[in-house]
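Whole structure, please, built from the sequences with the hints as guidance.
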Amino acid sequence: MNITLAWLKKYLRTKSTTEQIAEKLTSIGLEVESISSAKSNLSNFKVCKIIKAIKHPEADKLKICDVDIGDGKITKVVCGASNARDGLTTVYASPGTVIPKNGMKLSVAKIRGAESFGMLCSESELNLTEESDGIIELKNKQNVGDNFFKENLDPMIDISITPNRSDCLGVRGVARDLAACGEGTFVQEKLEKIKINSKKIIKVEIEKESGCFQFGSCFIEGVVNKESPDWLKRHLESVGQKSISAIVDITNYVMLDMNRPLHAYDADKISNKIIVRKSKKGETFQALDGKKYTLSNNSCVIADDSKILGLGGILGGELSGTKMNTTNVVIEAASFDPISITKSSKELGIITDAKYRFERGVDPNSLEEGLIKSAKLIQEICGGKIGKINIAGSSTYKQRKINFILSNFKKLIGFEISKADSIKILEKLGFKVKDKKTSLELIVPSFRPDINQEVDIIEELIRIKGYNNIPLSEPNRVVLKSVLNYQQKIFHYTQRSIASIGYLETVTWSFSNSKIDDFFSEKKLRLANPISSELDTLRTSIFSNLLIHSKNNVDRDCKNFMLFEIGPVFYGNQSGQQNTIAAGIRLGNKIDKTWTEKTIKTSAYDVKSDILYILIDLGFDEKKLVIESKTNQSFHPGRSGAVHLGSAKGPLLGCFGELNPIILNQLGLENYSICGFELYLDNITEPKKKYKDARSAFVVSKFQVVERDFAFIVSKDIKASQLISLIKSCEPQLIISIDIFDVYEGSNIEQGKKSIAFNVKMQSMEKTLDEKTIEDVSQKIISSVQSSTGGTLRSS
Amino acid sequence: MNDLATLQQQIFNKFSQLKNKEDLENLRIEVLGKRGSVSKLFQDLATIDKDKKKEFASQLNILKSKILEEFNKYSSKFGQDELEKKLHSETIDVTLPTPKKPQGKIHPVSQVIDELTCIFAELGFSVAEGPDIENEYNNFTALNTPPNHPARDMHDTFYLDENKQTLLRTHTSPVQIRTMLNDKPPFKIIAPGRTYRCDSDQTHTPMFHQLEGLYVDKNVTMADLRGCLDYFLKKFFEVDQIKMRFRPSHFPFTEPSAEVDIGYEIKDGKITIGQGDKWLEILGCGMVHPNVLKNAKVDSSKYQGYAFGVGIDRLAMLKYGINDLRSFFESDVRWLEHFGFNANDVPSNYRGLAR
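For the record, the sequence lines run as chains C and Y.
In terms of the numbering used here, the first sequence is residues 1 to 796.
In terms of the numbering used here, the second sequence is residues 797 to 1151.
What you were told as hints is all true, and nothing was included just to trick you.
Below, a list of computed lysine-lysine pairs in the DSS-like style, where the Cα atoms sit at most 30 Å apart:
1. Lys-489/C - Lys-1030/Y
2. Lys-411/C - Lys-1014/Y
3. Lys-432/C - Lys-465/C
4. Lys-830/Y - Lys-850/Y
5. Lys-52/C - Lys-110/C
6. Lys-307/C - Lys-281/C
7. Lys-1014/Y - Lys-437/C
8. Lys-437/C - Lys-1098/Y
9. Lys-1093/Y - Lys-481/C
10. Lys-815/Y - Lys-860/Y
11. Lys-630/C - Lys-716/C
12. Lys-862/Y - Lys-810/Y
13. Lys-1014/Y - Lys-465/C
14. Lys-291/C - Lys-960/Y
15. Lys-960/Y - Lys-278/C
16. Lys-1039/Y - Lys-410/C
17. Lys-465/C - Lys-1039/Y
18. Lys-436/C - Lys-1098/Y
19. Lys-1066/Y - Lys-1115/Y
20. Lys-398/C - Lys-437/C
21. Lys-1090/Y - Lys-465/C
22. Lys-1014/Y - Lys-1098/Y
23. Lys-523/C - Lys-960/Y
24. Lys-410/C - Lys-980/Y
25. Lys-524/C - Lys-649/C
26. Lys-897/Y - Lys-489/C
27. Lys-1031/Y - Lys-481/C
28. Lys-398/C - Lys-1090/Y
29. Lys-434/C - Lys-1090/Y
30. Lys-1030/Y - Lys-410/C
31. Lys-559/C - Lys-897/Y
32. Lys-623/C - Lys-728/C
33. Lys-897/Y - Lys-601/C
34. Lys-1093/Y - Lys-410/C
35. Lys-76/C - Lys-105/C
36. Lys-689/C - Lys-980/Y
37. Lys-9/C - Lys-1074/Y
38. Lys-897/Y - Lys-608/C
39. Lys-398/C - Lys-434/C
40. Lys-465/C - Lys-419/C
These are calculated hints, taken from the structure and not from any lab test.
So, in structure tokens, the structure goes:
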């Protein structure tokens, strides 16, 4: 909403400046976005004098002029006008100026080799007249350097009006609010009177459920439409509105003045009568904005016998609109259902000043006043005879009464407001107040649809009283619950644990590119209105975004990094169908060659090591983490594993491995063997015992540790974990650790077999192990492996 | 007797002239070797009178032990010297580069969420959460924004179905509704999380982060709201004083509603938060609208309270001097290394919010 101080002064007696007013507006909730000069462009036009005009050496019709623009220097301007001559006083526009006629912005230009700093203007270029033959000739009396446009328009105040304050979509409402907070005095207008001197009236029918409650109209016959007078033009232009013609300008003026949208019809274009009804499906309508709309069956239309004249409360029709040659006018002031307006305008994609106001609420009691104001102005400017004001339909408006208990202000806000203050503020805001001792009985003014209950009154009072009067109380520290629950703690621990081993945390969108994300899941969770086709689906895996961004990093020449994200992925498009997952990837070599080390490629074992570190860091007992080889389609089917808790059928805690090359190919990342892991945080449940109770007693043996090495040749598909548990089971009490120090396939080893070497440590809690015991255990291990796997001892 | 004393003197004189291990070994042979001067005296013992023998043997043993002691002393001295000499010759080039351990980082958004959690934990707030996919009711209607309310236009919403029934939450406020519906008052929660709006330009991203705050009890006032926000902003920006301004505004779910500005100034191109004559809009807040309490099945005649919502990304930008919102979500590893936080930097009340 744009206003100016000059317009505001119509309703507000004040001596404050625009800046002071703006500050006050912001403090009462009418936030000033900017203060700008609506026509600041005009001040670029200066009175100047051509000192010398010489012919352009390269062009017969052009002249190079030395121009005095009042800055004590000579400015060179190339001009094509025949009347450009020595000593002529004319109008100069500097580079950067927008020329009113064509909207072109001037810049320093080279015209046939001669530089030109600005332009000398014709009357037509300034939209003054149609005269385009030659530049403006001014009398010599005018001072060089002065602004050519004398009118100094008021600066425009742009206020951001919140959706509840429709009353402030009119200058009068803004003035009322300012006066309420002590900024000047509000000027109450008397209801104007008009002399009815025409018998003309237009018949109006409102159909049921049309979306229109009341339709007021006024016939004015015999008008002469014309260009608006200066004062009207200036008012509209100063708030950024274009002047069209007197009749249209008057309807706009009344709308901006008192938030009362109006529409003017050319009465001669209306056949017989006005019918306000619901549109019929497929009906078309040629609107004022030059577009043709096809309607569905629920828009409120203003029609006559044969055609649609306008979309009620939204937009007028082209055929029935007023033109310069209009002689008979019907002014409309109506009351529409805001919901119907919202629906229709959304459906048709139309945004107009009228729609904006009706949606937010227009004073249902302002029909007559709007018609009187506009009719009077039309008669003043365009002449004509005014017919009787005719209001069809009946008002649905119900006066609202609110009982405000004075002490409730303090209860909610924290300090007391006096009864006198309350009454003063509310009366100035237009409420009718009845003092009931400890409470006030209030009648809400019809222009405040936002006031419905007591709390709204409290807001009005504190808003006008000033938010900065609210005291600042020391916050209490009452604790109701523990800060984080178990799942939230796991989230934080996991996040920090992953970062602690070298991964960079990133945050990416919860949506992704379906072309990539679809590789991770069969679920297709598309957005109905994506912001772009590359962000068209809810992500089903964090890997999709991690890989897309990995590609971007590779393109930026960052080819060695560890990246992770923790956040939601989705498995359905209903609320709650999401899981919290932490996923990390390693791209590039594990070790790049240095003077001490050779290049080592990243392998699935590195991410296995990472995921195990994290899980142990989270408090899991390594012995309870069971590794399986079955994973999901994110991973290379042969080079990935899953971590379960307790047993292969236990909860799935995570997966790790090389990412699926098929997906990497899709992104052009096939040359970077990328490994990654996923942790399913929702599968981590709170242990029964608290950490403090979960520790077992500290028991260690004081006897010597004995080591023995074994190497077996076994079938290739025997898994290390099988052999380890086999060995362990031979003497679970004595064997304290089993490490694998060599795995070998190749020459000397039969095809389909591998050699795998173990270091086994034994220790007893009771005694030093003697040779015989050690030998017995060793034999047990050898025979157990042989009988269970068919493996043979290579060496021991 | 005198002979022994003289011998001792002679031997000890020789010790003082020793230069190295070889000299020491030569002296050992000279004195204690098979034909050494002291060994010889032991051999001579056989020839001595029985009555003198005991006395002399005793003297001789004392001499021998004194000499041995001296030997040990010199032996360890020369050993030490040798080792030191050896160690001095064993040098490495310590300026050679070593393999770099990867340094993981926490994203600024996560760090700021932890900072905020730490601050509000001190005031007794606990963390609540809600799903990213919301229904239309929780996101709008229950928050006093019925269908076709113009305030809905202020949120460019991502929908998951054509009927606009499920959507990506446009703010964290639906967590208010979920929290109140699932529990009994009083409520004192913060809800950090992802939020979504169909908007993308220099200063808007389709996903961003908000922190919602809600405190509902029998006597929570707007003065308490001011006090809480003043505390939070001072703590967060790590300043003793903060210029804060409440400005009336409108949110359908609070009444009265306020926007909060904080003072700032720009000196030498750097922004200082808390002082100065410029104002920066930082958050929205207000007293929970009675209609919202009703929708959440809370008795609005008994309970009242405040709610606020603040943009987490914006807080991170202001505190840590990050100019471009879009950069938060681009996963540029150079950016993450530059603006990220060490895993060990967990904000806490005893160690402080940040280093």
